[in-house]
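Asks: Chain by chain, the residues run as shown.
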Amino acid sequence: AQSVTQPDIHITVSEGASLELRCNYSYGATPYLFWYVQSPGQGLQLLLKYFSGDTLVQGIKGFEAEFKRSQSSFNLRKPSVHWSDAAEYFCAVGGNFGNEKLTFGTGTRLTIIP
Amino acid sequence: EAGVAQSPRYKIIEKRQSVAFWCNPISGHATLYWYQQILGQGPKLLIQFQNNGVVDDSQLPKDRFSAERLKGVDSTLKIQPAKLEDSAVYLCASTNKAGRWNTGELFFGEGSRLTVL
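These protein sequence lines are chains H and F, in that order. Numbering follows my numbering, in which position 96 of the first sequence is assigned residue number 96; successive positions increment by one, without gaps. Numbering follows my numbering, in which position 110 of the second sequence is assigned residue number 110; successive positions increment by one, without gaps.
The following block holds chain H by itself, in its conformation from the complex (with noise of 0.2 Å):
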């Protein structure tokens, strides 16, 4: 069965600082990974994908994340956060077969201070 870690329950950074968000998965085949942002009171928004190909990926608000899979892992990057980042991030994996049902991990949530 397929699942997601996120170890990190609660990051506080700086604003201006740069961030790392880890997400560990376990997956049969090749995976499909996703980066999610949860803003309070709103729906999930996705941040990036992967499916295949390049393992760097860009997405939306300036955020990066690289696929390992040597590592199993697909974290997610910022060079300099702002304050409007501050939010839930989850990482989700699903298969590469069709109709997809994403699995996601418990989140992590992200404090800027001034």
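Some clues are possibly wrong.
Label-pair distances were calculated between CB atoms; the ranges are [claimed, not checked]:
(1) F:P81 / H:P79: 49 to 59 Å
(2) H:H10 / F:E85: 38 to 48 Å
(3) H:A29 / F:L117: 39 to 49 Å
Read the hints as simulated data drawn from the structure, not as lab findings. Ideal Cβ placement from N, Cα and C applies to all residues, glycine included.
Given chain H's structure and the hints, the job is docking chain F onto it.
Replies: Then chain F, alone, in the frame of chain H:
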């Protein structure tokens, strides 16, 4: 383009009562999902529809939960009778892709928050 619409946004009921949530996906989106998000956890899939057919309801507690998408557009999720552990946010999501082209890029509504007392 209008997003995924859900109602009500908030609902408080007592245990053993019933509740229904409504979702209207983005126009033209064939695939619709209901997810349950318990506080402190990630969303968990309850049911997936493709048009008006059920693709996956393996994690739906069918003794108390039901869902339908009769005309392949909007959908209703019902809980009867509710239990304390059903307190959660119920998220509806949709995608315009179906079958083998559905790769999991979903559009989510703002959710319906249920509190069971």
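Asks: Please go over all the hints and tell whether each is borne out by the structure.
Replies: The hints, checked one at a time:
1. Between P81 (chain F) and P79 (chain H) the C-beta distance comes to about 51 Å, which sits within the given range of 49 to 59 Å.
2. Take H10 (chain H) and E85 (chain F): their Cβ atoms lie about 24 Å apart, and the range 38 to 48 Å is violated.
3. Evaluation of the 39 to 49 Å hint for A29 (chain H) and L117 (chain F) yields a pass: the beta carbon distance comes to about 44 Å.
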